[in-house]
Every structure is written in C-alpha cells, then in structure tokens.
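Residue numbers (my numbering), protein chains in the order written: chain Y, 1 to 93; chain B, 94 to 603.
If you are wondering where the hints come from, they were derived from the structure by calculation, not from laboratory data. Here the structure is a predicted model, which means the values were calculated and not measured. Positions of the beta carbon are idealized from the N, C-alpha and C atoms, including for glycine. It is possible that some hints are incorrect.
Computed footprint of chain B on chain Y, listed as stretches where at least three residues anywhere in the stretch have a Cβ under 8 Å from a Cβ of chain B [unchecked claim]: (1) 47-54; (2) 67-81.
With beta-carbon atoms standing in for the labels, derived distance ranges [stated by the list, open to error]: (3) 52/Y <-> 364/B: 32 to 40 Å; (4) 590/B <-> 52/Y: 51 to 59 Å; (5) 8/Y <-> 192/B: 27 to 35 Å; (6) 5/Y <-> 114/B: 33 to 41 Å; (7) 484/B <-> 36/Y: 36 to 44 Å; (8) 311/B <-> 52/Y: 50 to 58 Å; (9) 309/B <-> 55/Y: 37 to 45 Å; (10) 548/B <-> 5/Y: 21 to 29 Å.
One-letter residues, chain by chain:
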Amino acid sequence: MDGSSCTPVVVDGWGGAGDGCFAVASAAEVLGAIEDAVRAAYPQVWQSGAAEEFAARLTDLLGHAAALRGLLGTAQERAAELAAAVADAWEER
Amino acid sequence: MTALLHAFDADGAAVAPDDRRRTSVHVRGGVGGTRVDLDELGAIDALLDGVVRDAGHLESALAAARRDLVLDAAWAPAAAARAEDAVDDAVAGWWGVRRLGEQAFELLMSVRYARMLYEEAELAARMRPAGPSWAGLLRFLLSPGAALAAVGHRLTLVGRIPGYAPEGTPGRLLDGAAELVNRVHGDDDLPPDGLALDIAVRELGEQGQYALPWFLVRGPFTYDGRRLDPALLTATQRLVVPVTLLLHRLTGRSPGSATDLSLSVSPPRRVSAVPDVAAAVDSLHAVHQDHGAVPGTLEVRRTDHPDGTRSWTVLLPSTQAMAPGGRNPVDNLTNVETYGGMLSDMEVAAARAMTLAGIAPGEEVAVLGFSQGGLVAMRLAADPLVRARFSITTVVTAGSPVGHLPTPHGTEVLHLEHLEDPIIGLDGTANPAEPARTTVSRSLATGTTGELRFEVPAGESHSVAAYARTAALALAAGEPSVTHVSERLAAVAGGPGARVTATSYTAERG
C-alpha cells in the first residue's frame, strides 16, 4: 500500500485537504514491519507442546495481520475516494 | 506471611472452560522431550516487544490519519464518513490494530514467562551454591546489612499478592511497598509470584545459612530417628532445620519419639475409580476441609482389580492449622519438618494408616498430595523405613514446594505447578528435570489467550480445582511425560472393572 491512489489537493492558503489519504497509506506501511517480526518469531530450537502452541498463536497473529491488511486496504480506498471528492469539490468551487 | 497465604488455601474461583482458547502448559522432565534455547527465547521476546510497539505506532498513525480525514468532511461529508468508518474499523474493529496489539502483548507475556521459567530451571540445574564456611559466617557477622539488602532486593520482585488484605500499620506498609514496587517495575517486567518467591527464598537461604555455624557440624548425624547430612541440605533447609529443632524443643515433642499421635478410622466407602491424573488430582478434594473433611484427615484407597490383585492410593491434605504443634498435625510444624527433610507426624500417620489398611509388601502404592500433602508424599516415598515396608511407585504433587527434595528412588514423580502460585516458590529452586521426574508448569496469568491478567488470586492459583484443570490440559495437549505418568497412575488407582474402597484416617496429637 502506498499513497499513489491519493489525489493531491492544492488548497490555497490552507493545508490539510486530502492529507488523510496519504496518512492512511503511511500508517499501513507499519503493518509490513509487524508481519516480518511475527514471521521471524517462529521458534526453531524450542521444541515442546508449549512451543507448538506458541507457534499456533503466532499463526493466529499473522491471520489477524492479514485481516487487518484488508481493512487498511478498504480504509485507503475510501480515503482515496474522499481525496478525489475533495479535489472535485475544490475544482467546482 | 505463610499464614496469610495459606488462608487462601481453598478451591478458589471456578475455572472457566478454555473452549476456543489456546492454553499452554510447559512440561519438563519425564519420558517426553523438551528442547529449549534461552537465547532464542530472548530473541523472540525482543521481536514480540517490537511488534507490540509497532502496533502502538500503527494505531497512533491511524488516529492521526482519522484527524486528517475529519478535516475533509466539510468538502465531502458522505465520502469522509465512509472513510472514517473504515479507519475506525481498522483501529477498533474485531480485526483492528488495537486487538492485534493486545494479542501480541499476550503472546509477548506468555513467552516472557516461559523464558523466566526456563531460566530458573537452567539456574537450578547448574547452580552449585556455597556451603557453610567460616568465611561465610564472618562475612555475615561483619555485614548483616548487606545480607538483608540482598534479600530485600530479591523481595522487591514479589510485587503482587492479590487478595492480600493488610491488617495494622506493618501490613499496610508492606502492601504500600508492594504497590510501589509494581509501579516502579511495571507489570510486564516482574516475574510471576511463584518464580519471584523462588528467587527471594533462595537468596534468603544463601544469606541466612551463615547466621548459624553449620560448618561446625562435620558430618551426617541422626535426629529423631532419621539421618541428616548437612552436606546434602540446601541453604534454605539449613535455615529451616534449626527452626524445626527449636519448635521441637518448645513443644517438648518430636514425631520420632512421640507416643501421643492417635489415628481414628472412618468406615470404608465405595468411590469411583479415577481414569487419569486429572481425576486423581480432583479426588484430593476428599481430604480438603472445604469439602467437609475432618481436620487431620488423610485417605487410603484400595483398588481391587478384576484379576484379584490390589493396589493403593494415599491422599494427603494441605496445611490446615497455622500454629505449629497443636492437636491437628496438618500444620506449620509438619511444613517445616518435611521441608527440612525430617520426619513429621503426618508422615508417621500416613505410614500407620497404610499399615492399618493392610497394604502388603510389593503391592503398588501411589501417593498424591496437595501443597503440604506433596511435601509429605515426597518424604514418605523417600523414607528408608517406609520404603522397606511399602512399594511406592508413583507420587503426584500439586502446588507443593518440593524442588529441593531428591527424587525418591524407584518412584515416578509428577509435579503440577502454577507460576503464580506463591507456595511453589517457597522451595527456592526449580524442580529438577529427570527421566523419573516430570513438572507441568502453567501460567494462569499469561498461558491462555484472551485471559491476560497480572493479578491471580492465591485462592485460584493454589487450588485443587485449578490444578486438576492443569492436569487435564496437559493430558489434552498429548504431552508424553504426563500421559505416561497418568497411565501408570490409572493402573494403580483405577482401571476398567476395578472396585475402589476409600477409608479415611484422622490424625490427632495428644
């Protein structure tokens, strides 16, 4: 996810319009770091029933991260629509 | 403090079923294989710590994004509302980042407690503590403050004793100090109470053993009919043994020579055979005061197998009387005696009950004990006079501080421990992991998904019901060491077609 779908809005004399779309996109980038760290946390040497349970919980966490990625995608889509709508509104004004 | 902790020695709250939740139990020793690399656990801890931090950053970034979206609402209100809803969902929805962070934190604490557990076990396996010496005594005499400071420093790790209701100014000061410690350390850096007390008690023993000139005792000696070898005592035992001797002197009696211990027998009754170790632990309720057992009662169960053979199970209770040396021998005197590896009235009572029950030489016996009962069980199985007469093949302890006691020869031992149970920390060491000695450890605070809580009441962590649940979870997890002991126990305590008869014996000092 990045900010390429966001429509830049140039508002004379007042910043901030359309920035929400870029903010959502930059927030979503943090998720990648989270997923990488969770993948690296799978035990290699630790072997026991508890280790298997721990690995299963890591898999649950990765599943959660994948679902969150979907939510962030939706949020970014809607933020992009909003940025476009704001740009249109500014043009029409 | 012991009295306050034992005041919670009850069943505690009902244990919630773990359906649709993941629960971890840690098993060390026995026939199964557990491999642990402490460096790896440390690295995993650091990675998950980073995940928790990043989840916080992501939530903050989304909060900032939402504020930006709100600014756009004046230009396109409908589109802004949809975008804000989507961001809200990504923050606080079921699959949102907030819950992701919470889950990551639960997992972090779970692995952190596991790391602390295995670090303690590793330390216990490698530690060669200093024994009695002139130099130690001299150091103690010259600088008692340093010894006190060292113990106090370790005690600061014991930051949570939930349910502790302070009485009087000293109690309130203690409670306030504990609260302060919690705030300074932070919950996620403190070890669970069972481990924290292990560390503090070990330090107390290592410093306190020098308060007495043990180095003057040159070799093994006989006391109360049993041999004591100072070289084989742990540092904490070197503190406890003199206390026990003093109590014997004050009460004017010792178990080996006392003639006033009486045993009354209740009529036998039929009970259900136990199919596994979880049911066996649950059967310890039968000798629990809260379940109507007469104080001082232990139980001997005879199992008649379809093939005509017999086997036996002995159930031993937890501490019932705080004042040492009263009429009820299930007291703190028995605690210090068994802790020190010495003979106790409860051990004498159990051996006498086994004789009265008619246990023949060679017939298999399993001994189960909760809390103090586990200490007595370990002593009973290791006592040479008892071993000469009975064949104790299995010992199961629940919530018992027995890590310092040696594994009885020819006996399979299973220990059940909760990391938050303060009683298990009183031995000052982790249980050794040996082929014939299995320890099941479970954290009630961090071991189950969706149930993270740092304060677990002692009434729950130190309860028969919770330990039966832990045994059931270890069995359900298919842990080979636990399954092995469970099958062995079931063969002694029950099995298909077996008929089980229970007889209660109530011990009382004169």
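Here is what the structure says about each hint:
no.: 1; hint: 47-54; in the structure: holds (count 6)
no.: 2; hint: 67-81; in the structure: holds (count 11)
no.: 3; hint: 52/Y <-> 364/B: 32 to 40 Å; in the structure: holds, 36 Å
no.: 4; hint: 590/B <-> 52/Y: 51 to 59 Å; in the structure: violated, 36 Å
no.: 5; hint: 8/Y <-> 192/B: 27 to 35 Å; in the structure: holds, 33 Å
no.: 6; hint: 5/Y <-> 114/B: 33 to 41 Å; in the structure: holds, 39 Å
no.: 7; hint: 484/B <-> 36/Y: 36 to 44 Å; in the structure: violated, 57 Å
no.: 8; hint: 311/B <-> 52/Y: 50 to 58 Å; in the structure: holds, 52 Å
no.: 9; hint: 309/B <-> 55/Y: 37 to 45 Å; in the structure: violated, 55 Å
no.: 10; hint: 548/B <-> 5/Y: 21 to 29 Å; in the structure: violated, 47 Å
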